[in-house]
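Participant: Chain by chain, the residues run as shown.
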Amino acid sequence: MSLAQLAAPEAAQSLHIAPAHHMLDYDAVPASIRLRAVEQSFQVRKGPRLVALSNIDLDIQAGEFLCIVGPSGCGKSSLLSLIAGLAFPTNGEVHVNDRVVTGPGTDRILIFQEHGLFPWLTVGQNVEFGMHMMGLSRRVRRERAEQYLQLVHLNGFRDSYIHQLSGGMRQRVAIARALATQPSVLLMDEPFAALDAQTRDMLHDELERIWKETGCTIIFVTHNVREAVRLGSRVILMTYRPGTIRSQLDIVLPRPRRMDDPRVALLAREVLDELREEINKAVASEFDHVPRS
Amino acid sequence: MSRVLKNLIFYGSILGAWVLLTHAKIWPPYLFPAPLSVWQSLQAGFADHSFWVAIGVSMRRVVIGYGLAVAMGMALGFGIAASRFLEQTVAPLLTSLQSLPSICWLPLAMLWFGLSEKAIYFVIIAGSVLSITISMESGRHAIPRIYSQAGRNLGAHGWRLFVYVLLPASLPHLVSGLKQGWAFAWRALVSGEMIVAGLGLGQLLMVGRDSNDMSMVLAVMLVIILLGWAIDGLIFRNVEGWFNRRWGLGATS
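Sequences listed follow chains G and Z, in order.
Position 69 of the first sequence, counted from 1, bears residue number 69 in our numbering, the numbering being contiguous throughout.
In our numbering, each residue carries its 1-based index in the second sequence increased by 293.
To be clear, the hints were calculated from the coordinates, so they are not data collected in a lab.
Remember, it's a predicted structure, so these values are computed and weren't measured experimentally.
Note that the Cβ used here is the ideal one computed from N, Cα and C, for glycine as well.
One or more of the hints may lead you astray.
Claimed, not checked - Distance windows between CB atoms, simulated: (1) D288(G) <-> N300(Z): 32 to 40 Å; (2) A364(Z) <-> Q164(G): 45 to 53 Å; (3) S166(G) <-> A337(Z): 28 to 36 Å; (4) N97(G) <-> A435(Z): 32 to 40 Å; (5) N97(G) <-> V356(Z): 54 to 62 Å; (6) T90(G) <-> Q381(Z): 42 to 50 Å.
Claimed, not checked - Coverage of chain G stretches by chain Z, computed from C-beta distances (three or more under 8 Å per stretch; other residues unrestricted): (7) 112-120; (8) 282-288.
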């Protein structure tokens with residue numbers, strides 16, 4: 001029994017009941033992503049343009065697990081929106097599999113911090129939503145929803161409604177809903193930030209396993225450095241406004257990793273020291289904006 | 294102390310005070326009737342079917358009027374949602390019109406339609422259509438952005454985004470708009486009936502006044518209160534509560 005399981009006995013139990021391995025038919029081919037000289041800025045009322053992202057050059061390999069850390073306000077989320085096609089860069093280009101992103105697509109699914117599940121649908125219908133929009137038949141939808149609910153250990157909750165689930169369960173439904181469209185890229189925007197530590201540890205294990213089973217490219221945004229080191233095969237540190245890439249670190253620690261692994265802690269420390277500088281800049285800049293009487 | 298007991302004591306003491314006041318004979322009984330005579334008026338009204346007829350007529354009017362108001366209010370709401378032009382022109386007009394009490398439409402309705410059913414429907418619609426449209430409009434803006442983002446991200450766009458995401462997301466607001474519209478329709482109905490129409494609860498109030506029958510007036514008021522409360526409290530509040538729970542908006546989730 002792992003420490004994470006000891007820490008969350010109930011969750012661990014459900015992990016044991018569910019089969020350890022799934023015969024998952026995941027057809028999607030993981031995608032590579034390329035950002036070139038990406039800049040995004042907004043016109044703020046009565047002020048200079050706010051530059052959220054500046055001069056971002058980034059290559060993400062197919063099947064990579066990339067974690068992005070940075071102080072709040074560094075444009076991490078904007079970066080995900082650009083790749084998701086929910087927003088467009090002011091300058092520069094975003095390519096997914098060598099094609100310019102022109103809009104949202106079910107090959108790139110975003111998972112939000114607040115799950116964004118639809119409360120008027122059951123868990124099963126939520127998972128089927130993307131497939132419904134893709135025009136898949138009811139039978140296929142049903143079958144696949146079942147499969148992905150099993151993947152996140154929520155089979156048996158198909159007919160529940162979102163308000164009946166705990167925070168951790170909701171986030172797992174969101175993961176199942178995202179995966180059910182078989183995206184080649186999974187974009188995660190601080191998905192576990194609102195969860196308690198035990199649930200988060202368990203979801204780290206699940207996400208790592210899902211990443212292995214599906215092989216999809218994951219871009220995971222977080223402000224938790226240790227989480228980034230625990231999960232990522234590469235960690236990118238962004239600067240405070242304008243968001244640029246400050247440094248990056250390949251994480252070659254063996255998997256499955258653990259949050260309390262001293263090697264994880266050590267690497268996290270390194271990143272954290274750099275992050276602190278950026279956080280201090282963020283704090284200083286916010287103090288500057290306090291109106292003086 | 295349980296809630297029921299508290300309310301028993303509360304209403305019991307009101308009734309007690311009422312009885313004591315009538316026994317004190319401060320005011321003549323034709324101005325301040327005893328609870329018992331109000332109760333007798335109530336019984337008599339239901340026994341000779343005049344109350345039942347009035348309830349039937351009033352309910353029919355309010356159902357038709359409110360039904361039309363819902364249809365028009367929703368059509369207007371969708372129109373405003375779909376057109377930026379309407380949103381910037383009609384919506385502010387509606388908001389300013391809402392400050393007009395619905396009874397103010399009555400003189401206009403009487404000139405246009407005379408003392409007819411049409412005038413009543415007009416007042417009911419004028420009273421409730423605005424609040425339905427306005428709450429649809431404000432509900433649409435209160436939809437969390439995350440729903441449309443998630444919907445678009447999962448491949449919904451155009452009318453499918455509207456039907457499968459935006460519309461269901463706005464249902465709780467729509468329901469509270471309908472509830473508010475109902476309350477306005479009910480008020481408009483009674484005030485309209487008092488002046489315009491033959492039959493109906495409002496008219497019954499005026500019959501009581503004309504015949505100096507205070508206990509009948511109070512009995513009809515009781516009927517109006519109970520009916521309004523029953524529909525608002527038992528139907529609308531439950532539906533609204535159900536939506537808020539399911540949509541995760543309520544305090545108890």
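Participant: Do the Cβ positions of T90(G) and Q381(Z) conform to the proposed distance bound of 42 to 50 Å?
Facilitator: violated (28 Å)
Participant: Taking the beta carbons of S166(G) and A337(Z), is their distance inside 28 to 36 Å?
Facilitator: violated (59 Å)
Participant: Is the hinted range of 45 to 53 Å satisfied by the C-beta distance from A364(Z) to Q164(G)?
Facilitator: violated (34 Å)
Participant: If you check the beta carbons of D288(G) and N300(Z), does the distance land in 32 to 40 Å?
Facilitator: Between D288(G) and N300(Z), where Cβ atoms are some 58 Å apart, the hint is violated.
Participant: Tell me if the beta carbons of N97(G) and A435(Z) are separated by a distance inside 32 to 40 Å.
Facilitator: Because 38 Å falls inside the window, the suggested range holds.
Participant: Check whether three or more residues of the segment 282-288 of chain G sit with their beta carbon closer than 8 Å to a beta carbon of chain Z.
Facilitator: violated (count 0)
Participant: How about the segment 112-120 of chain G: do at least three of its residues have a C-beta closer than 8 Å to a C-beta of chain Z?
Facilitator: holds (count 7)
Participant: Tell me if the beta carbons of N97(G) and V356(Z) are separated by a distance inside 54 to 62 Å.
Facilitator: holds (59 Å)
Figure legend: structure checked against the earlier numbered hints; hints not met, in rising order: 1, 2, 3, 6 and 8.
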